[in-house]
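2 protein chains.
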Amino acid sequence: MENKKPVHIVVLGAGFGGLTFCKQLKLPNARITLVDRTNHHLFQPLLYQVATCGLSAPDIAQPVRSILSDRADITVLLDNVTGFDLDRKQVCLEKNSLTYDYLVLALGGRTGYFGHPEWERFAPGLKSLDDALRIRSHVLLSFEQAENEANTAEHDKLMTIVVVGGGPTGVELAGSFAELTRTVLKRDFRRIDPTEARIILIEASKNLLSNFPPDLSASARRQLEALGVQVRTETSVKDIRDGEVELANGEIIHAANTIWAAGVSASPLTQKLGVDLDRAGRVKVNPDLSLPGRPEIFAIGDLALVLQADGKPVPGVSPAAIQMASLVAKIIKQEVISGAKPVVRPAFKYWDKGTMATIGRSAAVAWIGKLKFSGLMAWLAWLFIHLIFLIGFRNRTSVFLQWTYSYFSYKRSARLITYLPQPTTAPLTPRN
Amino acid sequence: MENKKPVHIVVLGAGFGGLTFCKQLKLPNARITLVDRTNHHLFQPLLYQVATCGLSAPDIAQPVRSILSDRADITVLLDNVTGFDLDRKQVCLEKNSLTYDYLVLALGGRTGYFGHPEWERFAPGLKSLDDALRIRSHVLLSFEQAENEANTAEHDKLMTIVVVGGGPTGVELAGSFAELTRTVLKRDFRRIDPTEARIILIEASKNLLSNFPPDLSASARRQLEALGVQVRTETSVKDIRDGEVELANGEIIHAANTIWAAGVSASPLTQKLGVDLDRAGRVKVNPDLSLPGRPEIFAIGDLALVLQADGKPVPGVSPAAIQMASLVAKIIKQEVISGAKPVVRPAFKYWDKGTMATIGRSAAVAWIGKLKFSGLMAWLAWLFIHLIFLIGFRNRTSVFLQWTYSYFSYKRSARLITYLPQPTTAPLTPRN
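Same order as they appear, the protein sequences are chains A and B.
With this note's numbering, the residue at position 292 of the first sequence is 292, and numbering never jumps.
With this note's numbering, the residue at position 166 of the second sequence is 166, and numbering never jumps.
Only chain A is shown next, with the shape it has when bound in the complex (with noise of 0.2 Å):
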């Protein structure tokens, strides 16, 4: 029996593995409710830029609405995801209560702080574009702060920048945050000298960029080093609190900036799944995405499990969300195609091309297959890469030159804080 009703397929998240699905899936008989709690499509890859002024929020995010206007087949909600009853086939949502014949969970990662909520408040992690431009603002803050200071043991506090975590997103921000103070912010401060602010990275294990190959760890190292950053190995962080990080040595750092880099855990909302899930809260997925017992539910992305040939678990980078995402919208497609004719679903094997992490501005380690690259080669080939993997900007050699522009050349609007610290108005006393 032919079935004539469109078939529902939800998404969960709009980043890489949820915009990839829907740019993949084009049929006829389905329609698709992609679902986010922002409006944006985030380029990750680079929201560290905007953390460090080196980019502006705009450069790397575009709204989902626009990115699938031509999409009629496609609604988008902005909306939270509160729960689910799977077996009615339920999505619930703040808003709204979904029905899917499908679903995709692409809801991504969070910033995880090994059981320390609490730490949150003092050193936010970076997942969001309102993550970034929070850190942009208090880092340029404490900046300010100390040029009106006139207590020189506060400007050391206020001028000092903790990272936690020596993976590549630590790796980036501390490589960034020292070439903003020794290059642009000197020129703009009169009183203080940003020259000599102290960039620290901490990281537990004995290597940054510890799934890196050696040779390429060290080569990080030494180029971290090179740019004024302390780096800080086989440290680990035994408490946060506000303007202190106190490490497992007793150690305590006085610093105004300290930003989380060390945890990623799977969206909360697994939980809600009643699947098995890792200590890190991701699903235990089938070789084909799907959920153990439920096969019209998938997870990607961050979201998901996935071991590979070698027994190691295929890692939460963008290039892993979009091969998965493609698979899963190849699976559907074969299955709404085929109709009630059982299809052998293939299995996802992810596809390395290759790992990166840039330190400053012309310096990076690459690492594709057996590959190894350091320095500024190193750099242009993570440009590139990033540049294919880019969705919904309208065209990419505009983005291209747009970024590099805006990236050499530290173009000064990155710099702005735009939330105010005050009340924009003061009561007006009405004149007699």
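By construction, these hints were calculated from the structure, which means they are not laboratory data.
Since this is a predicted model, take the numbers as computed values, not measurements.
Ideal placement from N, C-alpha and C gives every residue a C-beta, glycine not left out.
Treat the hints with caution; some may be incorrect.
[Unchecked claim] Below are the DMTMM-like pairs computed for lysine to aspartate or glutamate, each with C-alpha atoms no more than 20 Å apart in a straight line:
hint : chain 1 : residue 1 : chain 2 : residue 2
1    : A       : 272       : A       : 296
2    : B       : 206       : B       : 251
3    : A       : 95        : B       : 154
4    : B       : 186       : A       : 70
5    : B       : 186       : B       : 196
6    : A       : 411       : B       : 70
7    : A       : 206       : A       : 234
8    : B       : 89        : B       : 276
9    : B       : 238       : B       : 251
10   : B       : 272       : B       : 87
11   : B       : 95        : A       : 149
12   : B       : 95        : A       : 156
13   : B       : 411       : A       : 70
14   : B       : 95        : A       : 154
15   : B       : 186       : A       : 73
16   : B       : 95        : A       : 193
17   : A       : 370       : A       : 215
18   : A       : 186       : B       : 70
[What the hints assert, rightly or not] If the Cβ cut is set under 10 Å, some of the chain A residues that face chain B in the computed set are:
hint : residue
19   : 56
20   : 60
21   : 68
22   : 76
23   : 77
24   : 95
25   : 129
26   : 141
27   : 147
28   : 191
29   : 411
Chain B: place on chain A using the hints.
Okay, now just chain B, sitting in the frame of chain A:
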């Protein structure tokens, strides 16, 4: 006796007035301290564009420090003015206290609510970047909410934008919102039809743009109505509450989005100067723009009440602030150079370069001396004149190209909502 100590000039406010003064006053034996409560200089004539998703914040703002980074004689402070001790020639800030030889007051205007400061909560004004971004977020979120909302009565309210005030700001806001909903937003939503949005412009007097020649006022009204704006002249607002605007005739408009463009007063700090002010709080300055009895203090821009030859006050527009700043820079320069010899100070004469208001993307009204333009010619004239007034942008040509492209392509990134309506991380329950 020659005074070797550098003359200290304190400038309060980094808008057109304050910044023009800084750029024009270059003296070997003078130093300037410039204070502003934000870190950026704002190109105010285009602020409505950010509020209506035409341009992004970085397109129209530049950090003050960057603009003045090559001036070793200028110290920039991010601080708030709290009061004055004029006899001791001191300005009190939140974090600093400054003693001056000359004081330039360029604090600008504040949104004025005619004795109803409680309306501000429901009807924000448009004076800062923060204002514009909040208005933008609010309006976009209203449409998102309407897309989620099953109740049609709520739709009407959510998709109604009321602009109070029929001067240039109100006209520009209303026209731009009308275009936004009829063109761009139309394609972005599926359940609601943004072309059904009501844009209502309320003006108490008989005409929009009441300072313009009557035929231009009429032309502006026609162009707005052609865009679908409901123009209500001879209509006053009696009260503004959450989601409601009550008119003087008792009628109630249900609107989730209300913007106040009806009054600008001088910064309330003028009340602390101990001099005569007009009803809008503006300082009644001498012909040379100095405070009565205080030749070392000048007030310029929206803060100053200066009468022209015809008895009318100089309007609170950017060109006036720039011209006043030029005069004050000239006066102070002459006095410092001439040393103790008294200098006859020139009087301020306002050269009216013309007044314009845009209506949407290809229409406007403009009035320069005896010349009157409408339509596209007026709009192009407006664009060029504003480019000439730009301060701090590196390259006017590239800004012109950027604005033109962004403006006409309705670039998507001007529709980002960066303020998150919900907390970004839910607390994680540790897994056992």
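These are the hints, each one checked on the structure:
With a C-alpha separation of about 17 Å, the suggested pair residue 272 of chain A and residue 296 of chain A falls inside the 20 Å cut-off, and the hint holds. Between residue 206 of chain B and residue 251 of chain B, the direct Cα distance comes to roughly 19 Å. Compliance with the 20 Å bound is thereby established for this hinted pair. Between residue 95 of chain A and residue 154 of chain B the CA atoms are separated by roughly 13 Å; this keeps the pair inside 20 Å, and the hint holds. The straight-line distance between the Cα atoms of residue 186 of chain B and residue 70 of chain A is roughly 11 Å, inside the 20 Å bound, and the hint therefore holds.
Only pairs whose Cα atoms come within 20 Å are accepted, and residue 186 of chain B paired with residue 196 of chain B is accepted, the gap being roughly 9 Å. Of the supplied pair hints, the one linking residue 411 of chain A and residue 70 of chain B holds, its CA atoms being roughly 16 Å apart against a limit of 20 Å. About 5 Å separates the Cα atoms of residue 206 of chain A and residue 234 of chain A, which keeps this hinted pair within 20 Å; it holds. In summary, the hint linking residue 89 of chain B to residue 276 of chain B is supported, as the alpha carbons are separated by about 19 Å, within the 20 Å threshold.
The straight-line distance between the Cα atoms of residue 238 of chain B and residue 251 of chain B is roughly 10 Å, inside the 20 Å bound, and the hint therefore holds. A threshold of 20 Å between alpha carbons decides the hint, and for residue 272 of chain B with residue 87 of chain B the separation of about 13 Å falls inside it, so the pair holds. Of the pairs offered as hints, the one joining residue 95 of chain B and residue 149 of chain A holds, with about 7 Å between alpha carbons and a cut-off of 20 Å not exceeded. Distance restraint check for residue 95 of chain B and residue 156 of chain A: the Cα-Cα separation of roughly 18 Å lies within the 20 Å cut-off, and the hinted pair is therefore satisfied.
Distance restraint check for residue 411 of chain B and residue 70 of chain A: the Cα-Cα separation of roughly 16 Å lies within the 20 Å cut-off, and the hinted pair is therefore satisfied. Restraint check for residue 95 of chain B and residue 154 of chain A: satisfied, since their Cα atoms lie roughly 13 Å apart, inside the 20 Å limit. This hinted pair checks out: residue 186 of chain B and residue 73 of chain A have alpha carbons roughly 15 Å apart, not beyond 20 Å. A C-alpha spacing of about 19 Å is found between residue 95 of chain B and residue 193 of chain A, which places the hinted pair at or below 20 Å, so the restraint holds.
The suggested pairing of residue 370 of chain A with residue 215 of chain A holds, with an alpha-carbon distance near 13 Å, which does not exceed 20 Å. For the proposed pair residue 186 of chain A and residue 70 of chain B, the alpha carbon gap of about 11 Å is at most 20 Å, so the pair holds. Here the hint on residue 56 of chain A is kept, as its CB sits about 4 Å from the closest CB of chain B, short of 10 Å. Using the Cβ-Cβ criterion of 10 Å, the hint placing residue 60 of chain A at the interface with chain B is satisfied: the shortest such distance is roughly 9 Å.
A least Cβ separation of about 9 Å between residue 68 of chain A and chain B falls short of the 10 Å threshold, and the interface hint therefore holds. Against a cut-off of 10 Å between C-beta atoms, the interface hint on residue 76 of chain A holds, since the closest Cβ of chain B lies about 8 Å away. A hinted interface residue such as residue 77 of chain A counts as satisfied when its beta carbon comes closer than 10 Å to some beta carbon of chain B; here the least separation is about 6 Å, so the hint holds. Because the closest C-beta pair between residue 95 of chain A and chain B is about 4 Å apart, less than 10 Å, the hint holds.
Restraint check, residue 129 of chain A versus chain B: the minimum CB separation of about 5 Å is within 10 Å; hint holds. Annotation: interface hint on residue 141 of chain A holds; nearest CB of chain B at approximately 8 Å, less than 10 Å. About 7 Å separates the beta-carbon of residue 147 of chain A from the nearest beta-carbon of chain B, less than 10 Å, and the hint is met. With a least beta-carbon distance of about 7 Å to chain B, the hint placing residue 191 of chain A at the interface is held under the 10 Å criterion.
For residue 411 of chain A, the shortest C-beta to C-beta distance to chain B is roughly 8 Å, which falls under 10 Å, so the interface hint holds.
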